[in-house]
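Asker: What follows is each chain in one-letter form.
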Amino acid sequence: MKAVGIILSNIHDKNIPELTKVRSIASVPYGGRYRLIDFTLSNMVNSGITKVGVITKSNYQSLMDHVGSGKEWDLVRKNGGLFILPPFSDNSDNLYETRLQALNGVMNFLERCEEEIVVLSDSNIVCNMDLDAVIQKHVDAKADITCIYKKMTVCDTSYTVTSIKVDADDNVVDIASAKPSECTEVNAVVNLWVINRTMLIALIKDTLSREPKADFNLDVIGKNLGKIKVIGYEFDGYLAWITSLAKYYECNMELLEKDVRDELFNKKYKAIYTKVKDSAPTSYRSGAKVKNSFIADGCVIDGIVENSIISRGVTIGRGCVIKNSIILQDSIIMDNVNLNCVITDKDVVISSGKVLSGCEEMPFFLGKGTRV
Amino acid sequence: MLTKKECVAMLLAGGQGSRLYALTNQVAKPAVEFGAKNRIIDFPLSNCTNSGIDTVGVLTQYQPLVLNEYIGNGQPWDMDRTFGGVHVLPPYQGKKKSDWYKGTANAIYQNLSFIDRYQPEYVLILSGDHIYKMDYDAMLQDHKKNNADCTIAVLPVPMEEASRFGIMSMNAENRITEFEEKPKQPKSNLASMGIYIFTYSVLKQYLIDDENDPNSENDFGKNIIVNMLKDGKKLCGHRFEGYWKDVGTIKSLWEANMDLLGEKPNFDIFDTKQKIYARNAGDPPQYVGANACIQNSIIGSGVEIDGTVINSVIGSGVKIEEGAIVRDSVIFSNVVIKKNAMVELTIIDEETEIGCNAVVGATGKKGDICVVARNEKIADNTVIPAGTMYDSLNGGAK
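Protein chains in written order, with this note's numbering: chain A, 4 to 375; chain B, 76 to 473.
Any given hint could turn out to be false.
[Unchecked claim] In silico DSBU-like links for lysine-lysine, alpha-carbon gap of 35 Å or less:
#1 K326(A) <-> K153(A)
#2 K280(A) <-> K413(B)
#3 K350(B) <-> K24(A)
#4 K394(B) <-> K339(B)
#5 K278(A) <-> K350(B)
#6 K441(B) <-> K320(B)
#7 K339(B) <-> K292(A)
#8 K292(A) <-> K208(A)
[Claimed, not checked] Computed, partial: chain B to chain A, Cβ under 8 Å:
#9 Y352
#10 A353
#11 S372
In short, the hints are calculated from the structure, not lab data. Ideal placement from N, C-alpha and C gives every residue a C-beta, glycine not left out.
Please build the complete structure, drawing on both the sequences and the hints.
Answerer: What follows is the structure, encoded as structure tokens:
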């Protein structure tokens with residue numbers, strides 16, 4: 004059955020204020036050459052979805068620059084393709100706040116689609132998922148909503164997690180949100196759903212008419228359990244869920260594990276696409292000593308790099324010691340700089356001889372364009 | 076939208092490239108990989124893009140499959156244009172006769188109708204086997220300013236090497252007075268780079284006349300240029316100062332790759348203002364393992380290295396396992412070099428696997444470059460001596 008993708012590009016901006024000060028969460032750089040939205044977009048395209056709407060709200064210049072016409076994802080099409088859906092409001096001070104309001108703002112788009120199924124996704128999820136299998140299960144089970152969940156142990160007591168309980172036939176029997184008081188294993192809702200389009204439209208209109216600030220999981224799904232058929236789909240592959248700067252750091256570092264890289268990037272016919280920059284190959288100079296690191300194109304490396312993620316176009320000078328760090332695009336680290344547990348945003352320049360250090364639980368962050 | 080183009084480029088990509096031996100068994104020379112991320116044809120195509128030329132005819136004849144697929148709709152070079160763009164032009168069957176391209180001039184002659192569609196004032200002729208970055212627009216402005224019939228890009232070469240090239244003699248106004256193909260006693264050190272701009276109306280007449288001459292070899296250098304000089308047409312030289320290399324032989328291809336290395340590489344591909352574009356396979360970043368040692372090398376995307384790489388160019392998707400050593404070599408994409416294998420002074424073509432403990436190019440008489448063809452599976456412990464052309468399709472080692 005044909006499906007249309009809808010991606011919410013701003014919903015989690017508040018979780019990583021450091022990185023989303025200058026961009027939406029969807030365009031947060033990740034894994035050396037990607038932006039977070041690349042994973043969701045590529046998953047959709049690799050699952051045969053050829054029409055994707057991206058709902059934006061604010062700070063979406065970098066996102067639009069990144070996705071462009073959608074050609075890198077083969078989404079330049081006569082029928083379908085990529086649609087950027089900017090906020091719609093009769094009063095510009097009153098942009099949407101909730102997921103449901105965001106969807107209501109693109110009601111025209113939803114109503115005009117001919118696809119019977121909507122794949123709705125947040126953009127803070129890093130995984131390589133066969134959405135076609137989810138859609139197939141959704142259709143076979145004659146479900147109205149399929150909720151994708153991941154069994155995980157949640158310890159972050161500051162983050163509200165929505166979790167579900169399913170019965171033996173995968174029917175969702177309970178859905179609840181809570182901040183964990185201690186580490187708990189839950190069926191976490193990763194905010195990726197497969198929904199029948201006409202049902203979605205009806206639910207949005209019905210729920211919003213009663214509760215303008217209604218929550219998608221609790222009010223739309225929770226209050227309709229028993230009335231509509233909601234099933235769970237457990238994703239048992241690798242999934243990074245970027246909910247804070249510490250989590251961002253931790254998940255980036257997981258890319259140094261072979262299993263994680265294989266699962267994300269080396270699946271046949273399931274490449275993760277991103278904007279092509281036509282960078283030169285990375286050049287290792289005579290002072291380079293690189294170990295256990297993930298390094299993108301267009302870098303020039305003349306120092307020691309260990310356990311780090313180095314993005315496109317980064318320069319690392321002679322005599323540098325870069326450990327356990329994430330260096331984002333086009334940053335310049337001059338000679339004899341010592342970094343440990345540092346995240347530099349794009350275009351950061353660190354002058355010779357500087358020593359900067361954070362720790363794994365709290366990496367030291369340098370904002371976009373910072374000069375030290 | 077404009078219905079004509081000022082300048083159309085015609086890229087000669089039909090050469091068999093027999094001096095590249097096994098590397099051109101299955102691909103045309105312009106489709107041979109270069110410099111970790113590119114194929115040779117990326118250089119002239121990207122130069123066109125960076126010079127504002129968006130209409131290019133690529134003349135293919137030999138093993139065009141990989142090249143056709145690679146060029147595709149021209150999107151990586153921004154040549155997916157509504158009017159213009161890149162077009163692959165193989166020889167075709169006419170109503171009365173059909174011909175392979177008999178020579179470089181004949182290849183253009185057979186595609187005059189393609190050029191006519193764009194009603195250009197000028198035509199740029201390019202080769203598909205040169206590595207360089209050049210602003211063709213500067214050359215075109217030169218051509219217009221001189222009111223020339225033909226402008227030839229020339230490069231100063233060391234006098235002792237001049238007899239390997241087509242040598243131009245020029246007067247003070249940069250007008251070409253004499254042209255000699257590979258002269259024994261060169262009168263100048265200005266070599267033709269095989270890059271020509273013609274005023275189209277003049278070129279068209281010469282191509283038609285050349286086709287009607289049964290004694291012609293239908294070659295640009297030997298016939299068209301010589302005839303134009305004889306007739307007193309205005310031929311000017313456009314001096315180029317920069318890196319340029321003909322990569323028609325194994326040795327020159329290897330040297331050109333090595334020219335990308337070092338603190339101040341002879342050929343700078345890192346300059347972001349004149350990018351060389353390539354079709355992108357969507358590879359992830361490269362992973363450098365805990366046992367890796369990489370020095371003075373350039374490495375493409377999607378590579379996994381856990382061995383030692385010194386003074387080498389490593390293409391996309393290559394795997395180099397723990398204990399393997401790669402030195403002074405050029406490794407094309409998706410090659411796997413297994414544990415403790417040793418590769419020295421070698422070019423390994425795409426998709427080949429070198430078994431554990433194999434020794435390639437590191438034994439025997441040093442100094443000659445070893446080549447391993449594409450899709451080979453070199454068994455564990457195999458020894459391939461220096462200077463070998465290893466190609467199982469043509470009887471293994473040579």
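Asker: Name the hints, by number, that the structure is in violation of.
Answerer: 8
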